[in-house]
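Residue numbers (the numbering used here), protein chains in the order written: chain A, 1339 to 1744; chain B, 23 to 504; chain C, 857 to 1135.
Read the hints as simulated data drawn from the structure, not as lab findings.
Just so you know, not all the hints are guaranteed correct.
As the list claims (entries may be wrong) - If you want a taste of the chain B side facing chain C, the calculated C-beta under 8 angstroms gives, among others:
#: 1; residue: I53
#: 2; residue: A68
#: 3; residue: A83
#: 4; residue: L188
#: 5; residue: L203
#: 6; residue: L274
#: 7; residue: V294
#: 8; residue: N310
#: 9; residue: L459
#: 10; residue: R461
#: 11; residue: S473
#: 12; residue: T483
Claimed, not checked - Distance windows between CB atoms, simulated:
#: 13; chain 1: C; residue 1: R1092; chain 2: A; residue 2: S1662; range: 36 to 46 angstroms
#: 14; chain 1: B; residue 1: L408; chain 2: C; residue 2: V875; range: 20 to 30 angstroms
#: 15; chain 1: B; residue 1: D324; chain 2: C; residue 2: V875; range: 18 to 28 angstroms
#: 16; chain 1: B; residue 1: V61; chain 2: C; residue 2: R957; range: 26 to 36 angstroms
#: 17; chain 1: B; residue 1: F273; chain 2: C; residue 2: R1092; range: 37 to 47 angstroms
A virtual CB, placed ideally from N, CA and C, is assigned to each residue, including glycine.
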Amino acid sequence: MKKLISLLMAMALLLSCVGFAAAEDAVNLMVWIGGDKETDWINGVIEAFQAANPDTTYNITVGVVTYETVGVTALQDPEATADVFVFPDDRLHELVRGGLLQPVVVDTEAVIERNGGEGSGAMAASMVDGQLYAYPLSASNGYFMFYNSEYFTPEDVSSFDSMAKIAAEHGKQVSFPVMNPWYSYGFYAAAGLSVGLDEDGVSNVCDWNTKTDPFSGLQVLQALLDLVATPGFTDADSDAFVASVKDGSIIAGVSGTWNANIAKEAWGDSYAATKLPTYTLDGQQVQIRSFAGYKLVGVNSYSPNVGDAMDFANFMTDYDSQMSRFILLDDGPSNIQAAASDEVMANPAIAALAAQSDFADPQQVGGYFWEPAYTLGAIIVAGNPEGTDLQTLLDNTVAGIVTPIQ
Amino acid sequence: MSAHDKRKAKCQPAAGRFFTSLIRDIREGDIWVKLSLLVCGTGYFARKQYVKGTIITLLQAALMIFIPTMLWPYMSKIGTLGTVQRELVYNPVTRKNETNDFDNSFKILLFGIIGFIVVITAVVLYIKNIRSVRRLQVRAENHKHIDTFREGCSQLFNKRFHFTLLSMPVLGVVVLVIVPLIVLFCVGFTNYDRNHLVPTHLFTWVGLENFQSLFSQQLTDTFSYSFRVVLTWTLTWAFFATVSTFFLGIFLAMFINNRKTYLKRMWRTFFVVAIAVPQFISLLLIRNFFADTGIVNTICRDVGITQFFKNIGWIAPGLDYIPFLSNPQWAKATIICINIWVGAPYIMLITTGILLNIPQELIESAQVDGANGFKIFTHIKMPYILFTTGPFLIMQFIGNLNNFNIIYLLTQEVYVTQNQALAASNAKEVDLLITWLYRLTQEHSNYKMASVIGILVFIMTAACALLAFNRIIRGNREENFQ
Amino acid sequence: MKLFRITARHAVLTFFSAVWLVPIVWMLVTSFSVDNGPNIRSFFPQGWTLDQYAALLFGSSVVAHFPQWFMNTLTIATFNCIISSMFVLMVAYSMSCMRFRMRKPMMNIALIVNLFPGFLSMIAVYFIMKSIGMTNSNIGMIIVYSGGSGLGYLIAKGFFDTIPRSLLEAARIEGATEAKIFLRIVLPLSKPIIVYTIIGAFLVPWMDFLFANIMLNSGLSEKKTVAIGLYSMVSRDNRNTYFGQFCAGGVLVSIPISILFVIMQKFYIQGITDGAIKG
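Model the full structure from these sequences, guided by the hints.
This is how it looks when you write it as structure tokens:
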């Protein structure tokens, strides 16, 4: 009897030790990815991470919160937000202002170096006031021109006019999402006009309705109206682009890597991609600029395991993870070593993005930019049906854009 | 106004009566009543109601512990809504963030309000307890029977059954509906927006500033303009939606209900199936159905309808599809039509039931008098239907004022504002006040303006409801109908 | 002439039925479609297959955790149905058949509270639920849906108002307790309104995505309800890959509800007309 009791006590002691040890070591992390297609990739990363850190047990759960909503969802209740989450770079300022993002204080130099150094686009997209707040994951959230090489030679695709002419000859069309200000920004930026964040980091400053040397916002607007009216040209946002590529009425169009598969399937071997063309502005050919888009990985500053979360985020965005992401998802890496590798450069979409990146600006506009600009786009696409004075249109748009957030 | 004055007249003496009777109870009560001021259960112990006494004392103890420890920290800060901003420091040794004991303004507001409600309830219960103990004393002195615990419990199923029935639902309503409403009502008087997001930032009271900015003409010019536009459309929409659905529903009901129709039940089933599909599924479906690149547009293009509309100028020349849901005028028409699609079967069901209830003698006597079908419809059936569904229609109108689903689901991702002034305040031409409010909260974290708009929507719907109900009550009743 | 009128009448009915059923039919056929995105070229799909259902029910895609969503929503709906109906009937009976001091004030308060836009208070409800640790769980959703349901008592009260007072009086004279009257006399007479209330309460979790979106914010797909899950399937990113599955999901969700409606049609109509007349 006595023996039994002592045996039981010994077992209890042992079990409690084990339990205690296990409780001590297991680290719980929650990770949010932006889409369900990314599950395989993140599972691979988790396995590799656990293997690389054998002395700690990690319980990592994966949740899906789309890129469109992660900015809002994360801020709604920061304590319930995941420890590590992926978000598009245009949310950076908002998340920093909401106190959600943990400043990167571990391994900062290494992260900066491997993504191109302090002056690179990736760093511009992840830093606020000189402090790094996120780990760049991918650099291919921008857009470029897909084209069907059956109809176009590489010289033809250098300007919209020539492309539209060729398309009209074949009874087909070339497309650009003019209505969507995310794209049409490039027309204004090409003329030297800008829109960006004010000092408070919340409202916008915009000079689209003014003159800069040598062009003016008025001329850009007129050029856009002319472009919309050109035969062989049509406005097509993502859905319409997909539909029209599938049924063959569009032979070239501007979109992003998310639609690369559609173009590949439709055009087979004639699938090709290049940077954005030039457009006619006041008689001259000007290169259309674009927004560079990055996906960043952020660490939740409210997380109870900030150090481990930072380790995981760091691992999630290093060379190997970004390469596996490219292989599984065709997502262009931000790591300069990975981006320069042969496999990556062989992908036409990513090569096109790389070519366009010389003309790409980081996307830093406040929330009030989108609706007024969208409306302006809608009016342009409709051909300015009410015949409003163009300068007035611009003035109204800019007034809406720069409204201070109340 | 007279009803209000009457109520006021009753209230004041009542409140006065409440406190004077309390003082009287204490003065005239015996030692046990006075002891109950301290330990609430003593009055019951004295009259041998041990169980009840224990329960009451335990409740008192619980409240006395709960309120100071859990609620007072929040209640005390409600004046400032928090003063300590969050600061954090990363500790490389523990690899965790260390923060100060910061305030969370929203939690302060929420739990502060809950605290006040709990305190008020506790005080009321305390006073009632004194009353109840005093009454018990009177009964004992008059040698009336004092209920044992069991008898008291059985009263819960008889004289006080309403208490049993109502306790759970009322608790649910207070905690989950009334408290949140009060909290969000208060948010309208703070500056809780995207610059003041909790828990990182604090927000504080700003009084009537938000209302002023809504109605002022200065830099938020467009906000007040948008408010007027959206309000107009909300009222127009509610009217057209209710009326159109109602008439089509009646038409269908009468059509099917007619003697000459065969297979009544089958026809009714068809329409019932259409509403049995959960509304949000069918609306999302229809959004794709009528999309700019969707199936209906393809068919219209092939058949030539699109070209026809272009020729008569109803479609802008730059488009080669019918913008069912992306152009203001088209979208408004489409939404009203789809609302008919969603709502008419429901009205049809109700009207069918009502029509079946019309006393046959009425119709037969009219036929004997020589009235034909049409006259019967206009003079007997229609008035009867209008009379019986009057209140219901009013509720439909009010419901349509807040009909979030149909507008949001149909236009969320496909509709672009064409009016620049509206776009500047994030409103769309097809928005109801409520969808605008939702978008302000969700996409721009502008809780304070959303709350302000919510308050104004409430005032509006309350006014409509009161107006309508007064009309109905004061209006023609059955005499006129006969 | 008579034949013409009859055929004309039925032709009109056919036309209207067709108009009403076209989108439903489209949903049905698209759920059998080979094409993953919305079918834009023709009304009927190019090819017929059961793949969409297979992917939805058995697929390993993270988006379509449909069986789990279905079970979540079914659980929530069942409990909500029971609790909500109880609350509504309890409140309606109290307000209609019993007289007590706070009756009129409570009815007025209920009327006023009902006029507030409901989801204005979502954030506050979320934090209340969070403080008891009930976010991201089925139980939390049940509490949220059924907690405030007592406010929707008007139509049920209207029905109870039609029960003759003499019946209740007679029972009281015979010495029955109020509880007995409620359970033994009134409820058995109220089958139509009970059916109406139960169906209404059952439907709520299937259709609501506002509250569910806020409460279930962990991003974990297994916790979602059918409403949010299906909603995410037609978002801009997912539309072209998951529309077929969305339709399949829609069909699967609609079948039990339609059957419920059709069977209960008689009760439902009676319940709502009696309630609406007096309400």
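Hints, one by one, checked against the model:
no.	hint	verdict
1	I53	violated, 31 angstroms
2	A68	violated, 28 angstroms
3	A83	violated, 22 angstroms
4	L188	holds, 5 angstroms
5	L203	holds, 5 angstroms
6	L274	holds, 7 angstroms
7	V294	holds, 5 angstroms
8	N310	holds, 5 angstroms
9	L459	holds, 7 angstroms
10	R461	violated, 12 angstroms
11	S473	holds, 7 angstroms
12	T483	holds, 5 angstroms
13	C/R1092 to A/S1662: 36 to 46 angstroms	violated, 26 angstroms
14	B/L408 to C/V875: 20 to 30 angstroms	holds, 26 angstroms
15	B/D324 to C/V875: 18 to 28 angstroms	holds, 20 angstroms
16	B/V61 to C/R957: 26 to 36 angstroms	holds, 28 angstroms
17	B/F273 to C/R1092: 37 to 47 angstroms	holds, 38 angstroms
Against the hints set out earlier in the document, violations occur for numbers 1, 2, 3, 10 and 13.
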